[in-house]
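Letter by letter, the chains look like this.
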Amino acid sequence: MTVRAARLWPTALRRIPTAAWVCALIAFLNASAWALIVPPFQGKDEVDHFAYVEQLAESGTLPENGNENGKYSPQESLVLQGLHFPEIAHSPQTPAISTHEEQLILNEDVHAGESLQGSGEAGVATPEPPLYYALQVIPYVAARGNILTQLQLMRLVGALFGALTALFTFLFLREVMPGTRWAATLGGLCVALQPLLAFISGSVNPDSMLYTVAAAVFLCLARAFRCGLSRRLAIALGVLIAVGFMTKLNFVGFALGAFAGLAVLAVREARCGRRAMLLWSALAAAIGLSPGLLYVLRNALTNHPLFGVLSGIPHVIVASNLFNEFSYTWEMYLPRLPGMTPYFDGLSTFKDIWFDRSVGLYGFFDTVFPVWVDNVLLVPAVAVALLCARELVVRRAALRARLPELSVYALITLGVLVMIGASSYTGDAIHHGAAFGEPRYLLPMLPLLGVVLVLAARGAGRRWAPVVGAALVVLVLGLDVFSQLQVIARYYG
Amino acid sequence: VRAARDVKVTLGVGIALLLAVGAVTLTHAPPRVVRVNTTSRILGGTIIGSAELCQPNEVLPAGVSAIRLSAGAYFGPRIKLKASVGSRVIMEGVQGPVWTGTSVTVPVKPVSETTSHVRLCIEVGANSELVFFKGVPAGLNETAVYGPGAPLGGRVAVEDLAPGDGSWWSRILTVARHMGIGHALSGTWVVLLIAALVAAVGALAVGLAARDLS
Chain W
1 MTVRAARLWP TALRRIPTAA WVCALIAFLN ASAWALIVPP FQGKDEVDHF AYVEQLAESG
61 TLPENGNENG KYSPQESLVL QGLHFPEIAH SPQTPAISTH EEQLILNEDV HAGESLQGSG
121 EAGVATPEPP LYYALQVIPY VAARGNILTQ LQLMRLVGAL FGALTALFTF LFLREVMPGT
181 RWAATLGGLC VALQPLLAFI SGSVNPDSML YTVAAAVFLC LARAFRCGLS RRLAIALGVL
241 IAVGFMTKLN FVGFALGAFA GLAVLAVREA RCGRRAMLLW SALAAAIGLS PGLLYVLRNA
301 LTNHPLFGVL SGIPHVIVAS NLFNEFSYTW EMYLPRLPGM TPYFDGLSTF KDIWFDRSVG
361 LYGFFDTVFP VWVDNVLLVP AVAVALLCAR ELVVRRAALR ARLPELSVYA LITLGVLVMI
421 GASSYTGDAI HHGAAFGEPR YLLPMLPLLG VVLVLAARGA GRRWAPVVGA ALVVLVLGLD
481 VFSQLQVIAR YYG
Chain B
494 VRAARDVKVT LGVGIALLLA VGAVTLTHAP PRVVRVNTTS RILGGTIIGS AELCQPNEVL
554 PAGVSAIRLS AGAYFGPRIK LKASVGSRVI MEGVQGPVWT GTSVTVPVKP VSETTSHVRL
614 CIEVGANSEL VFFKGVPAGL NETAVYGPGA PLGGRVAVED LAPGDGSWWS RILTVARHMG
674 IGHALSGTWV VLLIAALVAA VGALAVGLAA RDLS
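These protein sequence lines map, in sequence, to chains W and B.
FYI, in my numbering the residues of the first sequence are 1 to 493.
FYI, in my numbering the residues of the second sequence are 494 to 707.
It should be emphasised that the hints constitute simulated quantities derived from the structure, not laboratory data.
Possibly wrong hints are sitting among the right ones.
As the list claims (entries may be wrong) - Partial list, derived from the structure: chain B residues whose beta carbon lies under 8 Å from chain W:
{"#": "1", "residue": "S596"}
{"#": "2", "residue": "V599"}
{"#": "3", "residue": "V668"}
{"#": "4", "residue": "T681"}
{"#": "5", "residue": "A698"}
{"#": "6", "residue": "L701"}
{"#": "7", "residue": "D705"}
{"#": "8", "residue": "L706"}
What you are looking at is a predicted structure, and each value in this text was computed from that prediction instead of being measured.
We put the beta carbon where it would ideally sit given N, CA and C, even for glycine.
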């Protein structure tokens, strides 16, 4: 880092308002509480993510030996056994271990000193890129010798990502709604209190880092649309896109919209006669694509499939399947249209999967609220949607002026939705596995949820906006606390 | 000034409501298992698409508020339970779709007296995914039957749940002790740490909202 850059950082940090730091602190404390509540390895796919970190730390290699039915290390397996993991996961009727004797056995298992070498794969985490796991090697090594402590420290790293997500969401809202003084606070607070974000951030899961990167990309795009794409901003955007690619495969869907954003910015600069600025868009795109290109090059040199796990997709997406794939993706979110093959019989996917599961889906898919709670919460959700729509109609002239920017956000959203649908089609309809109906995949768009909530508050009119904003904060806080109680009842009741 | 007052009132009323709802929720008793028809999970039957599965000779204890079936699915279909004696339906209950896991709990209206020789029918709603049923193998007279009389080869495991003896309030210490087991940080004190974190989150959020939203 140059001396000038070293001076710039503290200045930039000082410019961040106290409210943003408070939102970040709230998100961190909230995720930390979740990290203490959820029993070890009961975070979604946490066993596999931990195995990936273990593989990296112990062998210095990626888990890519192609053995899909491989086993965890003897030490991890022993601790899982001590925790009764196989009996508890997916089984809401089975609580976590509860007796002094079980604790003693677990203590023995933790200190058994078994081998930390697994069979060289990490379950569902195997095809994921390594950056998040590489970062998690730090707490893993720091707490070597006790798997439970390692896991707890790794969860706190996730909580830090949760804090950054709230911070970037705050700054994004300040950027896109500079005229509304309280917008950033309201959106930042609601995101910081969002229970699904806190649950994921409070467990070992690369999604936590993906949300942070996504929020930072939104912030940079918003800034670029407001102030123009400077060289520094272009580098930041490029690096963030690159980091996203190295964090989780799902980022591919998000990145399509981000690249579209760079293209729109480039066209805008060109129209304004600032053709030199085109270079910065190209620079950002080049930096963003660089990890992908390096990955392809490395695969070519080591005789691995060129695009890793994505190499199999063209075999699945053949022309004859395109309509089915479109139908599947459509039905995953919207009611089936005439002529479409039914893929989700008996389900209203928008309500049953996306809304109800957004209200609460914790643990290994096994902790949810009773359906009546989901139905009650439909009332405020519909009210938010109506108020938001009202505000959009009232401000349509302002929206028109920002159409390119909004189109980019819409494209990002579409990219994420299509990515989920396409992956789910491959796993569910082709390979008869489980569909990807988990709202956590939508959380990279959390900053946009913040925008929706702020618009809803503004939609209530100048007199009632602060009241609606305060009510929304209490509502999300309540959902968070009752979600924690629901998880406590499921594991410890 | 009015906006500041409105925000503070909204936050105050909201928090008071949350506390009240929480306090009332904790007066409920957690469910306990009052009867199981089998502890075995050897049988593994699967169903795809809507179907009805009926098994004879169940016992329905008085006061049962929910019935837990050993059924597994990812996007579980709507499940309707119907208990009958002869042609008389004595109990019904419905669980909506998209439950996930190795069991599904269907809330039912409690009956006032224990009834034997109950025929329990499980109506599986429309779905596009396999639903797994687990239980114990049984002979032709005892087996569950689905569709137009096809025997499943066994009985689905059923657990009858009723409200427990004490409320959540009375179980707080037990739950707290339980939470102190099986973690990196063990001991009941962890619950105080969690409570402090949640209180800090609430206080910071309300404080910031009161300051900035008005």
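* To do: Closer than 8 Å between Cβ atoms is the bar; does L701 (chain B) clear it against chain W? Give me holds or violated.
  => holds (5 Å)
* **Cut-off 8 Å, beta-carbon criterion: hint that V599 (chain B) touches chain W** => With Cβ-Cβ at 11 Å, over 8 Å, it is violated.
* Supplied contact hint for L706 (chain B), tested at 8 Å Cβ to chain W -> Since the shortest Cβ distance to chain W is 5 Å, the answer is holds.
* To do: Report holds or violated for the interface hint on S596 (chain B), using the least CB-CB distance to chain W and a cut-off of 8 Å.
  => Given a least distance of 5 Å, the restraint on S596 (chain B) holds.
* Evaluation of the interface hint that places A698 (chain B) against chain W, nearest CB under 8 Å -> holds (6 Å)
* When the least beta-carbon distance from T681 (chain B) to chain W is tested against 8 Å, hint result -> violated (11 Å)
* Would the hint on D705 (chain B) stand, with a C-beta cut-off of 8 Å toward chain W? -> Holds: closest Cβ of chain W sits about 4 Å from D705 (chain B), inside 8 Å.
* **Interface hint status, V668 (chain B) versus chain W (Cβ within 8 Å)** => holds (5 Å)
Of the numbered hints given earlier, the model fails hints 2 and 4; all others are met.
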